[in-house]
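Just so you know, the sequences run in chain order F and P. For reference, each letter of the first sequence is one residue, going 36 to 527 in this note's numbering. For reference, each letter of the second sequence is one residue, going -15 to 441 in this note's numbering.
Since the hints were made in silico from the structure, they are not lab data. Some clues are possibly wrong.
Said to hold, decoys possible - 30 Å max Cα-Cα, derived DSS-like pairs, lysine-lysine: (1) Lys47(P) with Lys123(F); (2) Lys169(P) with Lys159(F); (3) Lys360(F) with Lys169(P); (4) Lys47(P) with Lys179(F); (5) Lys164(P) with Lys123(F); (6) Lys270(F) with Lys5(P); (7) Lys146(F) with Lys179(F).
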Amino acid sequence: MSEKIKKRITENISKLMAKKSAYIDVRLVTEDNSESIVLYDGNLEDNDTTFENGIGVRTLFKGAWGFAATSNLSKLDDCFELSFLNAKTAAELVNVPLSMGKQKGHTGSYKSPVKKDPFKVNLKDKIDFLKLIDAQIKEDWIFKRYISATFQKKNQIFFNSEGTVIERDLTDIFASMMVMGIDNEGQMQRRSHELFSEGDGTRGWEMLTDPKLFSSHTGRIKDELAALLKAESLKYGKRSVILLPGQGWLQVHETIGHPLELDRILGYELSYAGGSFVTLDSFGKLRYGSEKLNVSAFGGFANSPGSFGFDDEGSPEGNYLMIDKGILVNALTSRAMINEANEKAGRKIFKESGGAARSTAFYRAPIDRMTNVNILPGKDGNLKDIILNTEDGIIVDNPTSWSIGSNREHFHFGCEIAWEVKNGKKTKILKNPTYQGHTVEFYNSLSAVGDKSTWQVGQVENCGKGEPNQVMELGHGVPVLRFDNVITGERK
Amino acid sequence: MMTKKIKNIFHAARKEALKKKVKATFSYHREKSHLMRIGNNSVSLNTSEDLIRLDIKVNIGRKQGTHTQMGDIISEDYVIQALNIAVEKTKHSIDLDFNPLDDIIEQNFNETIQYDKKLEVLDPSFKQVAYKKIIDTFGQGYNFSGSWSSGSTENFIVTTQNDNEAYHLVTDQNFSIVLKHPDKKWELISVQTGWKKSDFNVNKTIKEFKKLLPVYENNKGFKVKPGKYTVVLGPTAIAEVMEMALWTGFYGRTYEEKRGWTAKNKIGDKVLGSNITITDDPENTGTFMFGFDFSGKKRHKFVICKDGKLKNIIYDPQTAAMYKKKPTGHNIGGTSIAVGTGDGDKSLLKAVKSLGSVLYIPALHYINLPNQSKGIFTGSSRFNAVLIKNGRIVSPIFSSRITDTFQSVFGKVKIISKDSVSVNLSNTYGRRSPVAASVPSYIVTEGIKITDCADSF
């Protein structure tokens, strides 16, 4: 970043503070690049790059936010002015004034752990890598094959009116592979695998090319698809459900992550994403799940798209428990939201921002988002141990469908595959599995939590929230989980 | 509006692509967006964006690549540098096993019919005043939230295949406000959409809330037991379920690959009820009308399903090339779906008077597809959902889940309203791209499966 731009930013902040703004923050994104490659049935159907850069300015004036963004830095002064004017208009209708509180300015930086920058790997090598996997999943009986890889790189410098300056260099890689086939009833079935991490390691090209995390799963998904094509459908009934991490991350995402976003709890997302069944009174009281349920935010591991050092308000990413032995104790939070929540509750529920204010691009204002939302490993052994202790149940993996109530109080999931479990043994594969439940009742039926050997970090590339909608990257570390007495399959 | 200078830059870049002997499509997308969000009876965000995107698609033989860049288009060099990136990507690509179709702008297009300068430059205070009037009418005892997006979208396309230009300028707005009871937790919503400033009327929202509030204030929530019910779907539910049905049943990729619920059907087969007709009609004023697609193809009225029979399949250029079909003008962000109306009374309550108990579900939250092959979808009721008995609204209903098939919901429709409503279906994940459907204000279907119900709204 040139000193000239930096000077203009600080001058503009001073100018707007002189107009009695309460707080200003600025995100200068010098590069936000993404590359997407998709092989579909061996055809390179997507071969795309997108480059973005620009500046977003957020101004708090008399309890209301104004925001403006531009990709043209020659219009930087106008952008500041528009942000201020928008805040002034917003301030005409304020019944619950927003406040950022007061904090000392600080400096910091964060860089995703990367050995080999994926943007320095040439396109041919990337395509060759995907072609190699494509060759491994290609079979005459497989109807369609899909392999995708997305690479993201972002440099962002954050400034605020308290003097904070934070520079971040973020790198992410997402990849998935899928095989599809037509079953004995003419229905499409599929099996897929997504690039995951185990929390440690680095996030560069080396992550994608680590066979353990991606390419070694080709044989497994083919074998499972072959079995699915001959399988019976899951029949309706109540039974135990064992979630593998490929499904568990989405369960956690939709029914723990989203309902614990503080802006949702406070009612800021009602017109689109929805609210939350959690209220401010729930913290410290609500038995969200059984004693086996321990949920953390961030989790302190580096190799995840939800690990980013500092949020888009400059707060360090918080590492803390949100659910402790089944009791709800904290949420995903940002500065303005914790001030409002504590004031409304009349008690200090939230001591400090959890560092969860995130914006997807320079042209979007930050909102409360997930970081990493994780279920901590338990003491119920590995998958084999959990199966051994299951009388009547199914094991499910990878989502095909998810539909959640507007306050996240109930849900319905469809999965790619199920394995029947009878009297401690895995018996047969079942197709078209679905299960549904009510969130609190479901987590209170949590009866087994796998140990560290079963724990994986699911990488989420496309969580949508907000108006205008913001797509966000994040992670979920989850072990194998078993829930009892769950409605599975569809009523006739 | 787009300057002549930018147009000239695009034509210069086009010449450069011809010189490089590559086939290229240059697309300009500019959005001037404004959004006001309401939360806890206050403006929670007031935001303006003015963003320009340049999209370049390059074909060299059977190889293809695309590149997008955000920023002001200031010079030929800026566009040519982006072209060079796209060309390099394409050179290092691999051959497709089919011949991709060329983008050809079939004629010069210059579309501004749905542009309203007043809406494009709307002063944010107009929105703030309207929200304040609604909040003041009903009082601070309720919790109000919502959003109001408005702005303009400008598209300009040239290709190396000929000298034609395609230009489209549209304005759109999408207003919503949610009224929530802070203790009882029920939520009412009012939405409005349109392409001009005058399409918004604050009193319409106030009237809607005044009509429903007594029902919610004076009656407890009704818990629907799982089972089969006569259900009245309102416009948002019809549009969103229909959108899913189209995507999984009438799009070429899903159809050719036998992934959807029409996989076993051929053109002319009966797939939905005899009273269901679905058209993509770019001349329907209840939609955002786009007369060409991003490959330059002129868009015509396109009948997808006529009297329940499968009439046409939608093919984007890539799928058309792959399966040797003709593209149908659907390389576009959104279609102009129009669902045919019927003869049902304009008054929903009159229409269902003789039907006993019916569930009115105007919108479904978070619809998804547990089984595309069978056409199964699921989603739950949310705003403004009520139990009606003998033509009278008797109570609000708790969040209830429908899990059923498209063939059932659109296959056994008993009554379709005679009037239509415009439903804004714009996706705000990325760039501004207004999409709306024109649908009946309600449909009544018997035997719809409710599979779950919460203890709350």
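Starting from the hint list further up, note which numbers the structure goes against and sort them upward. Going through the list in order, the structure violates hints 1, 2, 6 and 7 and respects the others.
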